[in-house]
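Undergrad: One-letter residues, chain by chain:
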Amino acid sequence: MGRFVKRYWMFLALAVLLVYPLLYRAPYYHVLGFNTLLVATAATGWNILGGYTGYKSLGHSAFFGINAYLVAIAANKLGWDPLWSAPLLALVVASVALVLGWIMARAKGSAFVIATIAMLLIFRLLALNLKSVTGGAPGLSQPLAPWSPELSRMPFYYYMLFWLVVALLVSRYIRRSRFGLGLLAIRDDEGKANMVGVNTTLSKVLAFSASAYFIALGGGIWSYAQTHIAPIFAFNILNDVDTVLATMLGGLGTVWGPVLGAFILIPAADYILFKFGASQFHLAVFGVLMVAIILFLPRGILPSLRDRLAARRETSSAFAGARSMEEISDDRAADQLEVGEPYPP
Amino acid sequence: MSFPSINVLIQVIVIGLLTGGVYAVMVSGLTLIFGVMKIINIAHAAFMVLSAYFAYWLFSGFGIDPILSMVAIVPVFFLIGKVTQHRILAPVGDDPGLLVLLTFALAITLEGVLGSISGSTFRTVRTGYTSSIVPVQLGSDLTLRLPVVRLTGFVASFVVLGVLWLMLNRSSLGRAIRATIQNSEAAQLVGVNISRVRSTTFGIGLASVAIGGALFSLIFSFNGSSHVEWISKMLAIIVLGGLGSLPGALIAALILGVAEAVSAVTMTTYISPIVFYLILFLTLILRPQGLMGAKVREG
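Protein chains in written order, with my numbering: chain E, 1 to 345; chain G, 1 to 299.
Hints in this document: simulated from the structure, not taken from any laboratory. The reader is advised that the hints may include incorrect statements.
Derived DSSO-like pairs (lysine-lysine); straight-line CA-CA distance at most 27 angstroms [unchecked claim]:
no.	chain 1	residue 1	chain 2	residue 2
1	G	Lys82	G	Lys38
2	E	Lys192	E	Lys108
3	G	Lys38	E	Lys108
4	E	Lys77	E	Lys131
5	G	Lys38	E	Lys192
Pairwise CB distance ranges (calculated) [stated by the list, open to error]:
no.	chain 1	residue 1	chain 2	residue 2	range
6	G	Arg287	E	Val288	33 to 41 angstroms
7	G	Ile88	E	Pro138	38 to 46 angstroms
8	G	Gly119	E	Ala13	35 to 43 angstroms
9	G	Thr268	E	Ala26	39 to 47 angstroms
10	E	Pro27	G	Pro4	49 to 57 angstroms
11	G	Ile88	E	Tyr173	34 to 42 angstroms
12	E	Lys275	G	Pro75	36 to 44 angstroms
13	E	Ala292	G	Thr121	26 to 34 angstroms
We put the CB at the ideal spot given by N, CA and C, even for glycine.
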């Protein structure tokens, strides 16, 4: 049984997620499920840049907002169905991110973080002031989804779940590719990575754009689910906080960490909101939580658990020191690249 | 875009310079903190709003003028700063991304606490002299009208910056701080207690923003969420001035004060903050060392 769970836990988790909205039929649960999946997808995307390369952006929700507006405008002006225009227009946003990423990749460390915040604020200001396109502060409405209101958010839930699976497959593929190893090398030591032949600028720009894609995609679907969007919700640094916090809680730079983090954080946040009402207090709790995670669990749940398991295995097994490929690539990826062998072989 | 007459423009530029002086005191601590420990304190504006609330509460509760209440607020903020650096920032190490997130977390904690206590109503301190104006005759048809609160802020800013400058250049603590800015490892080798210099600098940084907050409460209106808008302005100023450079911060504060005032009359007040964001963005990309600082791309 234990081995079975260990081997197929992903499919078990997926099965649970598939039947969840059928078991809990109240719209509340569908909304909660949708929000959790939305943050999980965005966090998985954010992790490609923030976790793998270590470039922590606090402005990626700019792409969330941009695609939310693009999808709404395309639905209103051209009659495009958001279900397929969201992933399509996210590609447009990702190409915009390619250019922005190329500009911003010149800044490092704190300068990069500030530049991303500035980027978010510029787009927010544009959304507020280009009234003929965005409708200004009151925002934009778009047609309701065609299915019956009784289904509530269920179709959105399944659609988001599908894209979460896609995001995870892409994230895992990147993590195991040579390109991903280059990203990890940048995180460890950018100068060294450059020296051993990683094209650091190109890698950073691609990671920037890839993470923007999934965040933008989430924004597009969110826009359709909301039917009405406004700049203060579409371009909100708190969207970044959710994403970053989920990633850090679960485990920065791991494939599954962002998802785990989102599945803990979003229901917990919802509970806090329900329990204490006012959103301002909810902000304080989030802030304290974030401080606590950074101070006491800086690597997140998954890497800490893995360390503990590894320590236990070491005492009980004759194969002490044996490590999986992923663990090895965890530490000092730049050192491995020096060997010059393609990875994976 | 509409261009005002030359008289209005002169008036606007002078108001911009006065506001810029207040900006200078708001950001002096931020740039000093960056200089010593390479941390961008995203919570700086949140601490300023906290200090503004203290000034507001002391004024509405006991009728104490913000200029006076500084005497009580400043030492408290110095202590808060010292403890925050020692207990929360120092243990995290020196990953700049992580430290920025940490100070960001402090900022939203403060925002949440202030929002829960005081709601979202905008506050400001309205003293007897809030709406008084000093007219200054400059020629036959040009009279500058200078608001007293901005003049007070401007004067107070220069007092604070003067004290900071003296402290940095004429005291042994100042020498230790400057040595740490130049090369922290070498400073440590010659016997500077780096960790103490760091926590003291953070304390001084918060003490200066406490003064900035008291002045801020006289001139601007604020609520718990105001820090988001202000930290971006502050960052624009210190990045333009060159991170870590106090004279640079002063010059950049005056430049941006004027730029903001002029863009507010030529464009609209809604779009004028974009001046800050664009300057911030462009400086980081094109000239990361700012006007007077060292290169910070590696920051």
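Undergrad: Does each hint hold? Answer for all of them.
TA: Hints versus structure:
no.: 1; hint: G:Lys82 x G:Lys38; result: holds (16 angstroms)
no.: 2; hint: E:Lys192 x E:Lys108; result: holds (15 angstroms)
no.: 3; hint: G:Lys38 x E:Lys108; result: holds (12 angstroms)
no.: 4; hint: E:Lys77 x E:Lys131; result: holds (15 angstroms)
no.: 5; hint: G:Lys38 x E:Lys192; result: holds (22 angstroms)
no.: 6; hint: G:Arg287 x E:Val288: 33 to 41 angstroms; result: holds (38 angstroms)
no.: 7; hint: G:Ile88 x E:Pro138: 38 to 46 angstroms; result: holds (40 angstroms)
no.: 8; hint: G:Gly119 x E:Ala13: 35 to 43 angstroms; result: holds (42 angstroms)
no.: 9; hint: G:Thr268 x E:Ala26: 39 to 47 angstroms; result: holds (46 angstroms)
no.: 10; hint: E:Pro27 x G:Pro4: 49 to 57 angstroms; result: holds (55 angstroms)
no.: 11; hint: G:Ile88 x E:Tyr173: 34 to 42 angstroms; result: holds (38 angstroms)
no.: 12; hint: E:Lys275 x G:Pro75: 36 to 44 angstroms; result: holds (37 angstroms)
no.: 13; hint: E:Ala292 x G:Thr121: 26 to 34 angstroms; result: holds (30 angstroms)
Checked against the numbered hints above, the structure breaks none of them.
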